[in-house]
Amino acid sequence: MKYFSQLSLLLPFAFFCAAAALYLAGDRAVALTWIGLRHEVFVITSVLLSLPLIYKQKWASDRNVLRGIRHLFFLIVMTGGILFLSRQRFSLLQQKIISRDWFRLNWSDSVFVVLWAFFSLIFILIALGTLRNLIYVKRRRNTARHFAWLMILMLLYAFIGLYKGRTQTEFIENHFLKYFDNIVLFLLINFIVINSFRVGWINYLNKKQKLACFFGGFLLIPLQISFVNQYKEVSPVYNFSPFLERFVETGMIFIAVYLSFAFLALLAHLPTARLYDRKLQQIRSLHDLSRALSSEFDWDRLVQTIVRLAAQVTEAQYSWLELYANGRLALVSSWNLSLNEERRRQADDQDRLYEALRTERESLLLNEAGKDPLLRALRRWKSGLGSLVAAPLITSDQVLGFLFAGKQEEFSFEQDDAEMMRAFADQAAAAIMNARLVEQSLVKERLEQELRIAHEAQMKLLPKAMPALNGMAFDAVCITANEVGGDYYDFFDIGEELTAVVIGDVSGKGPSAAFYMAEVKGIMEALAGERLSPEEMLAIVNETVYRNFDRNTFISLIYGVVDARRRRFTFCRAGHCPVYHYRAAEAVVRRLEPRGIGLGLTSGPLFQNTLETMIVDILPQDCFLLFTDGVIEARNPAGEEFGEERLAEAFKEANETHANEIKKHLLHRIYAFFDGAAAFDDLTFVLFKAVAETKG
Amino acid sequence: MDTFTIQRQDKDEFSVLNLFGFLDAHTAPELEKQLDQLINEGRCKIIVNFANLNYISSAGLGVFMGKIETVRSMNGDIKMCKMTPKIFRVFDLLGFPTLYDIVQEEEEAVQLFASKEGSSRRAYDRT
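Heads up: the sequence lines are chains F and L, in that order.
For the first sequence, our numbering begins at 1 and goes up steadily by one.
For the second sequence, our numbering begins at 1001 and goes up steadily by one.
So here's chain F without its partners, still in its complex pose (with noise of 0.2 Å):
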């Protein structure tokens, strides 16, 4: 197929060779008779053929403007070329053709006449074909009826000339025939205006290219006219095919007056190009800034996006962003300062330009920097200051800073380079908050994240399994209301068949409560395997953390030993909650309260002197709670806590069951209290309970 449309092209051509193969046959001398008409409907064929054919090309669908121009001028100038360096040539078959001898017409002159007509037809259909891409540009309905009347008309005027050409005298005498062809001649010239019109592409050109078309145009016009009337003197097409030859002129005549009214519009557009430009230049930047706003979350980008675009808008040769950090104006960005002037600005916002800039919350044009009063301090930074706009960054409810360019010469802005700078900077204001909610929001994000690395920090530091001791049956829960809590507990197996317990409270929250905590299970960890009473254990920790802590930091905390093979629990107790002990054969609860300082409120001797150690045996079906303060403390929506007596009761209630059953009743009783209440603080204890003992 591809080849096929490439084959199709050289059809016309064909024909053209055919034409030119009985030319060179002996049908010279009749060519304007009815005789030669063979090759005119060879030539005429061939036009028709290539119609189609070359607005089928690739270039000719080419909608680009200065392209389609470019071709124009390079067709127009080769044209030119051929014309002048055939013209010996021209002139000698002139001379020929005059003396009638057609004879003396030789094989060289024949191809060269067929080459001729070939070629001028070629050119005036690529010119016609890029001058209906130019003509199509924001085209309307009639746009393309119009063209199309004008290819009827050129045509239609063309096979009178053939008529004409064949039939000299007759032509002239039928006064029907002579006016019909003026009328044809008067309705095309009239589609060749309305066509001409049609110059709108040259409003999308920018002023280079408004200047080179225009410097262009000088070149061509002349010498698109000058081939209008070279090409009837000498061109021997008209002897050859009087339709060819109407079809070529009209077709140059078009592209001459054509490009006579694209140079007429050119010079109108050019005093405005300059203003056209920039208008279109500040949209485009103000466009850049939205779609930087809407995208650009990357400080430093931001910044510099902004102040670059500012002097793009207002085409100034440098520009500076000042804006407020921490109550404190300083620069933050600037476009074409040197680094030194960078470092030496020190903004000071009582100055009185920032006063008018915030007072009147518009942008000021100041032309004469120079001597501008309000400018002083700003000079003394900035020599040379010609002209300056300034304009300061508002968003609804604050100044963010302020905006400036600048230029060497004076009076150099326009008024309405202060107005783009105010539209310009409430643009960048906006940018500038949107990056700051940002980065605020991620900053968030990142502390969040902190907190929850902390959490799961903290949760590792848990016990992952229950103890397995001969009899007893440990179960235990540890939930926290924030991301890090203070809450702890833990289990060391220490020996054979005895079990350390601990619970315990940091003071505060947070991840620094965390790090005490570890700090804390490091320690006991460490000195578990010694085999320390709880009285010893607590004197090394107390000391340690009252040593190594913050002051306003302590720890409350139980520690105790489960001895499974005498039956006993032996503990401390360091300023923590009291142990809950069932006791089942009485079915009662007792409160353990032996006294205790605090870890970390105190050192030495008033500590270890305060310490009480208790001794407990365990009986059958005896079961120990131990607590943090969060669980009864928790409130109900009526602000009231749970309190002691009601977990000493829920306790006791529960105590017939095994020891998760116990967990699940206390946390159900715990959660039916709060009756959905949001806030609680962190919420920890163990129990474990005396069960019959595994034999074996």
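Just so you know, the hints here were simulated from the structure itself, not pulled from any lab data.
Nothing here was measured: the structure is a model prediction, and the numbers come from that model.
Worth double-checking, as some hints may not be accurate.
[Unchecked claim] Derived DMTMM-like pairs (lysine to aspartate or glutamate); straight-line CA-CA distance at most 25 Å:
(1) L:Lys1086 x F:Glu612
(2) F:Lys663 x F:Asp475
(3) L:Lys1033 x F:Asp550
(4) L:Lys1086 x F:Glu649
(5) F:Lys664 x F:Asp675
(6) L:Lys1086 x F:Glu633
(7) L:Lys1086 x F:Glu640
(8) F:Lys444 x L:Asp1024
(9) L:Lys1086 x F:Glu593
(10) L:Lys1086 x F:Asp675
(11) L:Lys1086 x F:Glu644
Assemble the complex: chain F is given as a structure, and chain L must be docked to it using the hints.
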């Protein structure tokens, strides 16, 4: 929701701090600020009145622990009075009565300051 306020009363060489509301991790810095101010002014004979305090958390207790050393080194003390049973329970559990003078009435605290006996109780005594 739960607010905390401090009312300061200077009587002769004594400063009385009346605490109101909830003293927890969020409100503890306020108390810390107030104590710092008293220390800066050199008013180290401090009596804290707990009559109107509804709740105290471990962070609130920590504030007293953090300042007591400074106050005592300046020959002053923090004495506590008028605790409700609930508040006293919190102090008691942690063993504070061994470290601080906790009394019923403000006058008792004043008297304790007068008698040498009262200030001889030093929690952090390392001798």
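Among the hints numbered above, which are violated by the structure, and what are their numbers in rising order? Per hint list: zero violations.
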